[in-house]
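Participant: Chains as they are written, first to last, in my numbering: chain A, 1 to 264; chain B, 265 to 392.
Among the clues, some could well be false.
Taking lysine-lysine and the BS3-like style, the derived pairs with C-alpha atoms no more than 30 Å apart in a straight line are [claimed, not checked]:
(1) B/K307 - B/K369
(2) A/K55 - A/K142
(3) A/K214 - B/K354
(4) A/K183 - A/K70
(5) A/K197 - B/K354
(6) A/K214 - B/K369
(7) B/K388 - A/K183
In silico negatives: residues of chain A with every beta carbon more than 12 Å from chain B [what the hints assert, rightly or not]:
(8) V14
(9) A15
(10) L17
(11) G18
(12) T66
(13) E71
(14) Q93
(15) N132
(16) P134
(17) H184
(18) E220
(19) L242
(20) P252
(21) T253
(22) L263
Simulated from the structure, these hints should not be mistaken for lab results. Note that beta-carbon positions come from the ideal geometry of N, C-alpha and C, so glycine has one too.
If you want the building blocks of each chain, they are given just below.
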Amino acid sequence: MNTMRRNFLKVAAVAALGWGVRPASKLFASGGAEPSEGVLFASRHTVHAGPNALKARRWAMVIDTTKLTKEVVEKVVQTCHAIHNVPSIPGNQNIKWIWETRMDHLFLEDFNEYQPADSAQTALALCNHCDNPPCVRVCPTKATFQREDGIVMMDFHRCIGCRYCMAGCPYGSRSFNFMDPRKHLAQTNADFPTRTKGVVEKCEFCAERLAEGKLPACVEVSEGAMVFGDLADPESEVRKLLAERFSIRRSPTLGTKPCVYYLV
Amino acid sequence: MYDKNKILTGLAVFVVFMTYPFWNNIGSAAYKAPEVEKPKIAKDCVESVAYMRTEHMQMLNEWRDEVVRDGVHEYHSKANHKVYMKSLTKTCMNCHENKDQFCDKCHATVSVNPYCWDCHVDPKGEKK
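Isolated chain A (complex conformation):
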């Protein structure tokens, strides 16, 4: 009888130990279809694609800085901000989805001052839709999340305005609504919501347009300076451009794996 109890207790102790370890092993292993997910990467949201939708395994953008003329930049910024009801607020509380910035501000890690005279002085900055987005990991309400096709989405309904994502994003891609944006909108596009006070917003790679089978608005008006496509498809236009030309990304050493590539 004594030995039986002894054995029972041993088995029970091992089982309890195993049970205790289980949640941790699950945490490391789970997350999604890609092996790079789990505890180190944010899990991804499955997205149903409608019959007309443009589909990709990994959306990415290539920006040809040599083709970004002043007119193109202006048109891109204006189009994006007009269709997404992004206001223009004077002062330091402005909202931006896509904007023009100096090259040495874009590429902080290695962009020396001795560039060819005819090279681009400025380029467009927008959300990089990182493979490993810090904003998604810090969001306490999952208002910002990553879709399976790589797009880092905002659910404005769920945003509580804590601004952790703005602290997490190393690219300054996010803007906070310090006031009701409607007061600063000359025109509103009824097909897209405005935001409200206390909500963070950013570029969404025109997810609402992709669902209708349209390319992002900036790509459409960029006269070939911006190219959008599937990074996982070797035959896609973005992959061909990346294979042909030298490209750089913003702050790659941070490990966020940006998916907006710049051709210089």
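Given chain A, work out where chain B should sit, using these hints.
Facilitator: Just chain B, lined up with the frame of chain A:
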């Protein structure tokens, strides 16, 4: 019984307060559901009228989550088996054109304040 007067006065005050809504409303007209504007361009809604009347708020919440988070944009109607696009401004407001004469009529009467329009743009109402 000690403090009989105080207790009875207290009880009387309590009863008067508790029943205030009832006797205050004696003689006033009963609640009538307000007449909302019927759409001119469509005969039937995405679901039956009775269903929409009771469930439209849950339905809009589900549409919101399904569109934003799961990317599911098509709604398969259980009433007429047609497929609709899940969109407040593009589907609902396409037929119910006038927010003031449709949404607000009931919401104002029953004193609820949904915050849909804090962000979503009323397609026809912006000209005011």
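Participant: Hints first: check each against the structure and report whether it holds.
Facilitator: Verification of the supplied hints:
1. Using a Cα cut-off of 30 Å, the hinted pair B/K307 and B/K369 holds, with the two alpha carbons roughly 20 Å apart.
2. Note on A/K55 and A/K142: the hinted pairing holds, with a Cα-Cα distance of about 23 Å set against a maximum of 30 Å.
3. Our distance criterion of 30 Å between C-alpha atoms is met by A/K214 and B/K354, whose separation comes to about 17 Å.
4. Between the alpha carbons of A/K183 and A/K70 the distance comes to roughly 28 Å, so the proposed pair stays at or under 30 Å and holds.
5. Of the supplied pair hints, the one linking A/K197 and B/K354 holds, its CA atoms being roughly 24 Å apart against a limit of 30 Å.
6. With a C-alpha separation of about 37 Å, the suggested pairing of A/K214 with B/K369 is violated against the 30 Å cut-off.
7. At most 30 Å may separate the alpha-carbon atoms for a hinted pair to count; B/K388 and A/K183 meet this at roughly 18 Å.
8. At roughly 41 Å from the closest C-beta of chain B, the C-beta of A/V14 stays outside 12 Å, upholding its exclusion from the interface.
9. For A/A15, the shortest C-beta to C-beta distance to chain B comes to about 38 Å, beyond the 12 Å cut-off, and the non-interface label holds.
10. With a minimum CB-CB distance of about 38 Å to chain B, A/L17 clears the 12 Å threshold, and the non-interface call stands.
11. With a least beta-carbon separation of about 35 Å from chain B, A/G18 lies farther than 12 Å from that chain, consistent with its non-interface assignment.
12. No beta-carbon of chain B comes within 12 Å of the beta-carbon of A/T66; the shortest separation is about 35 Å.
13. Every CB of chain B is more than 12 Å from the CB of A/E71 (nearest about 29 Å), matching its label as outside the interface.
14. Its beta-carbon lying about 18 Å from the closest one in chain B, A/Q93 satisfies the requirement of being farther than 12 Å from that chain.
15. The claim that A/N132 lies off the interface holds: its Cβ sits roughly 20 Å from the closest Cβ of chain B, which is beyond the 12 Å cut-off.
16. No Cβ of chain B approaches the Cβ of A/P134 within 12 Å, the least distance being about 20 Å, so the stated non-interface status holds.
17. A/H184, annotated as away from the interface, keeps every beta carbon of chain B farther than 12 Å; the closest lies near 15 Å.
18. The Cβ of A/E220 lies farther than 12 Å from every Cβ of chain B, with a closest approach of about 20 Å, so its non-interface assignment holds.
19. No Cβ of chain B comes within 12 Å of the Cβ of A/L242; the nearest lies about 27 Å off, and the non-interface call holds.
20. Distance to chain B confirms A/P252 as a non-interface residue, since its nearest Cβ pair spans about 29 Å, more than 12 Å.
21. The claim that A/T253 lies off the interface holds: its Cβ sits roughly 32 Å from the closest Cβ of chain B, which is beyond the 12 Å cut-off.
22. Look at A/L263: its CB is around 30 Å from the nearest CB on chain B, clear of 12 Å, so calling it non-interface holds up.
When held up to the earlier numbered hints, the structure conflicts with hint 6 and nothing else.
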